[in-house]
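Required output: the full structure, derived from the provided sequences and hints.
Chains Z and H are the protein sequences, given in the same order. So in the working numbering, the last one in the first sequence is 414, and the numbering has no gaps at all. So in the working numbering, the last one in the second sequence is 85, and the numbering has no gaps at all.
These are calculated hints, taken from the structure and not from any lab test. The model shown is predicted, which means the values in this text are computed figures rather than measured ones. Note that the Cβ used here is the ideal one computed from N, Cα and C, for glycine as well. You may find that some hints are simply not true.
From the structure, some residues in chain Z lie toward chain H, with a derived Cβ separation under 7 Å [to be verified]:
(1) R65
(2) S66
(3) V136
(4) G214
DEER-style ranges, computed between Cβ atoms [to be verified]:
(5) D74(H) <-> Q21(Z): 51 to 61 Å
(6) E8(H) <-> D25(Z): 48 to 58 Å
(7) I59(Z) <-> L25(H): 33 to 43 Å
(8) D74(H) <-> I118(Z): 25 to 35 Å
(9) K120(Z) <-> D32(H): 48 to 58 Å
(10) K120(Z) <-> Q7(H): 25 to 35 Å
(11) R78(H) <-> F122(Z): 31 to 41 Å
(12) L25(H) <-> F63(Z): 25 to 35 Å
(13) F63(Z) <-> T12(H): 19 to 29 Å
(14) V50(H) <-> G90(Z): 43 to 53 Å
(15) M1(Z) <-> R30(H): 51 to 61 Å
(16) F63(Z) <-> R30(H): 32 to 42 Å
(17) V50(H) <-> I59(Z): 42 to 52 Å
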Amino acid sequence: MKRRVVITACSAITPIGYGRQAIVDSLCRGRSGVKPLRDDGLLTGHIHSRVFGTVDYPIAYEFNRSQRKTMGPVAYYACQVAKDTLAASGLSRDFIGSGRLGVAFGSTHGSPTVQREIYKTFFQHLETEFSSIGAVDYLRSMVHTTAVNITRMFGITGRVIASSTACTTSSQAIGFGYEMVKYGMQDAMLCGGADEYDTTTVAVFDNLLACSVGYNDRPARTPRPFDRGRDGLVVGEGGAAVLLEEYEAARKRGAPILGEVIGFACNNNGGDLILPNLKGITSTLRLALADAAIEPAAVDYVSAHATATKMGDIVESQAIEAVYGQKPHVTGLKSYTGHTMGTCGAIELIMTLYMMAEGFLAPTLNLEEVDPRCAMLNHTPGVIEATTRIASIQNFAFGGVNTCLLVKNGSEVG
Amino acid sequence: MTRDVLQEKILTILIQDFEFQQPGLNDNLRDDHGFDSIDAIELLAKIERVLGFSLTREEKEKAMEIRTINDILDYLERIRQGSGR
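Set out below in structure tokens:
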């Protein structure tokens, strides 16, 4: 059994805004969400990169104590976008608790903020006589905390997939959710990812010389995907969710169709855990096309992973050219948000859905002088009017994991 | 520490940390205030700090039978009398 899978609701908390209007406005105005790195009193003094994709606006959470007690900051992002998405979907309470709706949601490593609190207790020799780890600390910090706080909050009883593959966390979640619905295991899946403010991740990439350090005094000028002056990625935070539904059921209940997931692929490079791999990435893109049963020429927009690392952008450019040629417009959307890690695939999918719906494409921010090794692509030249039928959202992670989601414009679904 | 003083401390914890609204001494903690087993473990950790000593595993397991704030106070009195702590 193969069924069609459509996106009927979504929500995103990003460094460039929360909700469709704010995000579209930032994309149209070229507004960056990269700000100075906030001091954490522990690692920031040792990190060379001083920039971060920051959610710096207030969010009116309305979670009660019973809900909050098992939530770290990452679950706040996750539950808020899940709440928005379910509210926008119009799904009945009966269906939500029927077992036919599942959750595929993840984060890079749960809540590092809570984990840090736990270890601080040990290393500072506090409360040594009494119970120093709270009963809920594990629930707040564990790697599947986002997925199960969502199931708990909304009484969701279907399948749970808690992907945790760094930068492909949420694109995997969406892809696996798509497969759950496509093959009839579930009728709908709430999918996405979240990651909280965390300097540990910055420190890791900083140590690997992969973080941007040359624009610390001008945060909005970095990251610079595909630009000759790019010097690395900028870590960010956020949360994003999409609701996937079986097409016929969504159509019958009159749900708005924001897009259709027509293809997905996930593979591994089968070797090095860090270096980008042309063969692996190229294979991912081709596998997704095969899953969608479309020709490369059908793809007219590519949301590139494009983290602005020196090698990653070049290898991805080669893969895009090898598979799609020079026709589709290409944007590196992390230029606006920074690299929101486990959230990036879902955020970039939602940004793409918004641009499809509003008939425009945004360019790669800070792309002022294209690196000649990335110049073979059709870089989106500015904010342009464009009718995008099919988009490719591609993400690649440490560990050699690659994903590609192919999405059709909601207005084309019928 | 007298029962009245303990009562005041427990009520303060329940109001400030567990967001109880107007707790009554004989309210059912679960039915009236949504207090569950996770909350019970958290409360025991706070009680240890109030008492100034650690509870044994057996003492903590007995606390799972508690239903009201008065039960908490009875439980604490029994512990203090029984252990001489």
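Consistency of the hints with the structure:
Here the hint on R65(Z) is kept, as its CB sits about 4 Å from the closest CB of chain H, short of 7 Å. For S66(Z), the suggested interface contact is upheld, since its CB lies about 5 Å from the closest CB of chain H, less than 7 Å. Satisfaction of the interface hint for V136(Z) is found here, the shortest Cβ-Cβ separation to chain H being roughly 6 Å, below the 7 Å cut-off. A least Cβ separation of about 46 Å between G214(Z) and chain H goes past the 7 Å threshold, and the interface hint is therefore violated.
For D74(H) and Q21(Z), the hinted distance range of 51 to 61 Å is satisfied, since their beta carbons lie about 57 Å from each other. Checked against the hint of 48 to 58 Å, the pair E8(H) and D25(Z) passes, with Cβ atoms roughly 53 Å apart. Distance hint check for I59(Z) and L25(H): the Cβ-Cβ separation is about 38 Å, which falls inside the suggested range of 33 to 43 Å. Checked against the hint of 25 to 35 Å, the pair D74(H) and I118(Z) passes, with Cβ atoms roughly 33 Å apart.
Take K120(Z) and D32(H): their Cβ atoms lie about 35 Å apart, and the range 48 to 58 Å is violated. Between K120(Z) and Q7(H) the beta carbons are some 32 Å apart, a value that agrees with the proposed interval 25 to 35 Å. The beta-carbon spacing between R78(H) and F122(Z), approximately 32 Å, falls within the hinted interval of 31 to 41 Å. At about 29 Å, the beta-carbon gap between L25(H) and F63(Z) stays in the expected band of 25 to 35 Å.
The beta-carbon spacing between F63(Z) and T12(H), approximately 23 Å, falls within the hinted interval of 19 to 29 Å. Judged by the Cβ atoms, the range 43 to 53 Å given for V50(H) and G90(Z) holds: they are separated by roughly 48 Å. Taken as a hint, the range 51 to 61 Å is violated for the pair M1(Z) and R30(H), whose Cβ atoms sit roughly 44 Å apart. Restraint check, F63(Z) to R30(H): a C-beta distance of roughly 20 Å breaks the suggested window 32 to 42 Å.
For the pair V50(H) and I59(Z), the supplied restraint of 42 to 52 Å is violated, since their beta-carbon distance comes to about 34 Å.
Hints 4, 9, 15, 16 and 17 from the earlier list are contradicted by this structure; the remaining hints agree with it.
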